[in-house]
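> Now for the letters of each chain:
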Amino acid sequence: MLAVERVTAGYGEGRVLNGVSLAVPEGRVVCLMGRNGVGKTTLLQTIIGLLPATSGAIRLGDQDLTRLPPWERARAGIGYVPQGRGIFPFLTVRENLLVGQEVGRPDPVALEEVLELFPRLRDLYHRAGGALSGGQQQQLALARALVGRPRVLLLDEPTEGIQPSIVWEIEEVLQILKARGQVAILLVEQFVDFALSLGDYYYVMERGTIVAEGATGSADPAALQEYLSV
Amino acid sequence: MELLLLQGFNALSVGSVLLLIALGLAFTFGLMGVINMAHGEMIMAGAYVTYVLQLAFTKYLPGAKGAYFLVALPAAFLVAGLLGLLMERLLVRHLYGRPLDTLLATWGVSLMLQQAARTIFGAPNVQVVSPPWLNGGLKVLGAVLPYKRLFILALAVLCVVGISLYLTRTAGGRRIRAVMQSRPMAACMGIATSRVDALTFALGSGLAGVAGAALTLLGPVGPATGTYYIVDAFLVVILGGVGQLLGTVVAALGIGAFNVAFELGSSASIGKVLVLLAIIVFLQWKPSGLFALRTRALD
Numbered sequence: 001m002l003a004v005e006r007v008t009a010g011y012g013e014g015r016v017l018n019g020v021s022l023a024v025p026e027g028r029v030v031c032l033m034g035r036n037g038v039g040k041t042t043l044l045q046t047i048i049g050l051l052p053a054t055s056g057a058i059r060l061g062d063q064d065l066t067r068l069p070p071w072e073r074a075r076a077g078i079g080y081v082p083q084g085r086g087i088f089p090f091l092t093v094r095e096n097l098l099v100g101q102e103v104g105r106p107d108p109v110a111l112e113e114v115l116e117l118f119p120r121l122r123d124l125y126h127r128a129g130g131a132l133s134g135g136q137q138q139q140l141a142l143a144r145a146l147v148g149r150p151r152v153l154l155l156d157e158p159t160e161g162i163q164p165s166i167v168w169e170i171e172e173v174l175q176i177l178k179a180r181g182q183v184a185i186l187l188v189e190q191f192v193d194f195a196l197s198l199g200d201y202y203y204v205m206e207r208g209t210i211v212a213e214g215a216t217g218s219a220d221p222a223a224l225q226e227y228l229s230v
Numbered sequence: 001m002e003l004l005l006l007q008g009f010n011a012l013s014v015g016s017v018l019l020l021i022a023l024g025l026a027f028t029f030g031l032m033g034v035i036n037m038a039h040g041e042m043i044m045a046g047a048y049v050t051y052v053l054q055l056a057f058t059k060y061l062p063g064a065k066g067a068y069f070l071v072a073l074p075a076a077f078l079v080a081g082l083l084g085l086l087m088e089r090l091l092v093r094h095l096y097g098r099p100l101d102t103l104l105a106t107w108g109v110s111l112m113l114q115q116a117a118r119t120i121f122g123a124p125n126v127q128v129v130s131p132p133w134l135n136g137g138l139k140v141l142g143a144v145l146p147y148k149r150l151f152i153l154a155l156a157v158l159c160v161v162g163i164s165l166y167l168t169r170t171a172g173g174r175r176i177r178a179v180m181q182s183r184p185m186a187a188c189m190g191i192a193t194s195r196v197d198a199l200t201f202a203l204g205s206g207l208a209g210v211a212g213a214a215l216t217l218l219g220p221v222g223p224a225t226g227t228y229y230i231v232d233a234f235l236v237v238i239l240g241g242v243g244q245l246l247g248t249v250v251a252a253l254g255i256g257a258f259n260v261a262f263e264l265g266s267s268a269s270i271g272k273v274l275v276l277l278a279i280i281v282f283l284q285w286k287p288s289g290l291f292a293l294r295t296r297a298l299d
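Those sequence lines, one after another, are chains A and B.
Residues in the first sequence are numbered consecutively from 1, following the UniProt record's numbering.
Residues in the second sequence are numbered consecutively from 1, following the UniProt record's numbering.
Just so you know, these hints were derived from the structure itself, not from any lab.
Some hints here could point you the wrong way.
Okay, the calculated bits of chain A under chain B, using three or more residues with CB under 8 Å as the criterion [said to hold, decoys possible]: (1) 64-72; (2) 188-199.
Quick list of simulated restraints, FRET-style, between CB atoms [to be verified]: (3) B:Ser164 with A:Gln63: 35 to 41 Å; (4) B:Thr58 with A:Gln63: 56 to 62 Å; (5) B:Arg93 with A:Gly61: 30 to 36 Å; (6) B:Ser288 with A:Ser218: 55 to 61 Å.
The calculated lysine to any residue pairs, modelled on SDA-like cross-linking and capped at a C-alpha distance of 25 Å, are [said to hold, decoys possible]: (7) B:Lys286 with A:Phe90; (8) B:Lys286 with A:Gly130; (9) A:Lys178 with A:Asp200; (10) B:Lys286 with A:Asp200; (11) B:Lys65 with B:Leu78.
Even glycine gets a Cβ: it sits at the ideal position worked out from N, Cα and C.
Only chain A is shown next, with the shape it has when bound in the complex (with noise of 0.2 Å):
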């Protein structure tokens, strides 16, 4: 349903994405692997229209978004999870969930739905967003790109620097999304063995172009870390 077609990309004079083509099927999880600093968080930036992409094409359904300023993009299902997480500090944590509904019209039956994922959000209501911890507040970012019901989710590696407890919630409710089959996710991930565990199909990443993928049943993790390795 995604659809990223031979994509160039670059900050300025340097180019980061070098021809990468990838595809997210409706409903299912996919995930893009590679060591810091290959394109990934560049690729995740260019599909959602903070960085235009010099070449190529990005598709979802049969609309193409390749020219589309990032706020058409949102409308038209992508939601975005950046690292660092993007949260609007001053605003409370009901506020940047409203703010995620901008794409659309206030829907009070998401934004129930997405509470009961994450029923800690519903004690922080009225907390500043930046008085959040770091946990609590990539919550709120997974919750704010989900309360727009997106068609297509990208997750900029959602468990970097968190407390455990709530990387295990976090990944809980990946299976939980993904189970339902409502929305296709594709997901910037270090960890082979979560990203195996959770995957549908996987990519890796390497000097801005896509290297090796494949469905995760068949993956041998041995050689994906090696991929990973420094």
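With chain A fixed as given, assemble chain B onto it according to the hints.
For chain B alone, coordinates are given in the frame of chain A:
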């Protein structure tokens, strides 16, 4: 006792005028970071709108000519707001992130608008006749508090309350705050950030127009009206700390109070000099102003 009451009221009154002229700038400069040198001309536009309406009412509706002022306030907001919207769409939005270019370009706009006023209304100042229902004053403990000053005070309070309700209680205000806190994330959440920028700028300009309408109660209107107020407006916003409405309010009232206090022991111009010195010293000590927004997320 009477002197104290009168001086206290004067301080509040000067503060409320400063607050009115700075509120709009708290949006365009404080929230958006645009150095809008034409802010003063938005004030001027609001003042001339009031002048034109007063003439029109006197000519066509002499029976209700006192009511012109109530029409002038929203009209000044709309006209100045539209001017601001045009300015943002045609000029300012191409210069985001380039403060020096913005400063020069908006200064150019300011000169053009001043010349336009000179061409349309003539170079000499014009006097707006205040509505009769604002003449006179309220007698309290032997002191007389002019209705005009009281009206401006009430208007400033109304504007501040209105703005803070808008920013904190409505979806539009929430969008403005989200964009100002993290522009890229707001865009990724589906907020059309360029539209929010245009609206925020228009809102700030509209508020300057309201200030201009109110200022016609205190003195004549001329092409240079804006130049007279622009420095004060920037002083208030910078002293208050950018990005915080509360800072602007406290700074305006504080400058008003010090102004009146210093003037009491000296002359009007020495008072101004002392206030300016005090602000400079204060900003050396606290460069980001009274209320600074500090968070990792904004760095």
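> If a hint holds in the structure, say so; if it does not, say that too.
Hints, one by one, checked against the model:
1. Proximity of the segment 64-72 of chain A to chain B, defined as three or more residues with a beta carbon under 8 Å from a beta carbon of that chain, is established by the 3 residues found.
2. Interface restraint, the segment 188-199 of chain A with chain B: violated (0 residues with C-beta to C-beta distance below 8 Å; minimum three).
3. Ser164 (chain B) and Gln63 (chain A) have their C-beta atoms about 40 Å apart, which keeps the hinted 35 to 41 Å range intact.
4. In this structure the hint that Thr58 (chain B) and Gln63 (chain A) lie 56 to 62 Å apart at CB holds, the actual value being about 59 Å.
5. In this structure the hint that Arg93 (chain B) and Gly61 (chain A) lie 30 to 36 Å apart at CB holds, the actual value being about 32 Å.
6. A hinted range of 55 to 61 Å for the beta carbons of Ser288 (chain B) and Ser218 (chain A) is consistent with their spacing of about 57 Å.
7. Straight-line distance between C-alpha atoms of Lys286 (chain B) and Phe90 (chain A) comes to about 22 Å, which keeps the hinted pair within the 25 Å bound.
8. Using a Cα cut-off of 25 Å, the hinted pair Lys286 (chain B) and Gly130 (chain A) holds, with the two alpha carbons roughly 23 Å apart.
9. A distance of roughly 10 Å separates the Cα atoms of Lys178 (chain A) and Asp200 (chain A); the hinted pair therefore holds under the 25 Å criterion.
10. The straight-line distance between the Cα atoms of Lys286 (chain B) and Asp200 (chain A) is roughly 55 Å, outside the 25 Å bound, and the hint therefore fails.
11. Under the criterion of a C-alpha separation no larger than 25 Å, the hint pairing Lys65 (chain B) with Leu78 (chain B) is consistent with the structure, at around 21 Å.
The earlier numbered hints that this structure contradicts are 2 and 10.
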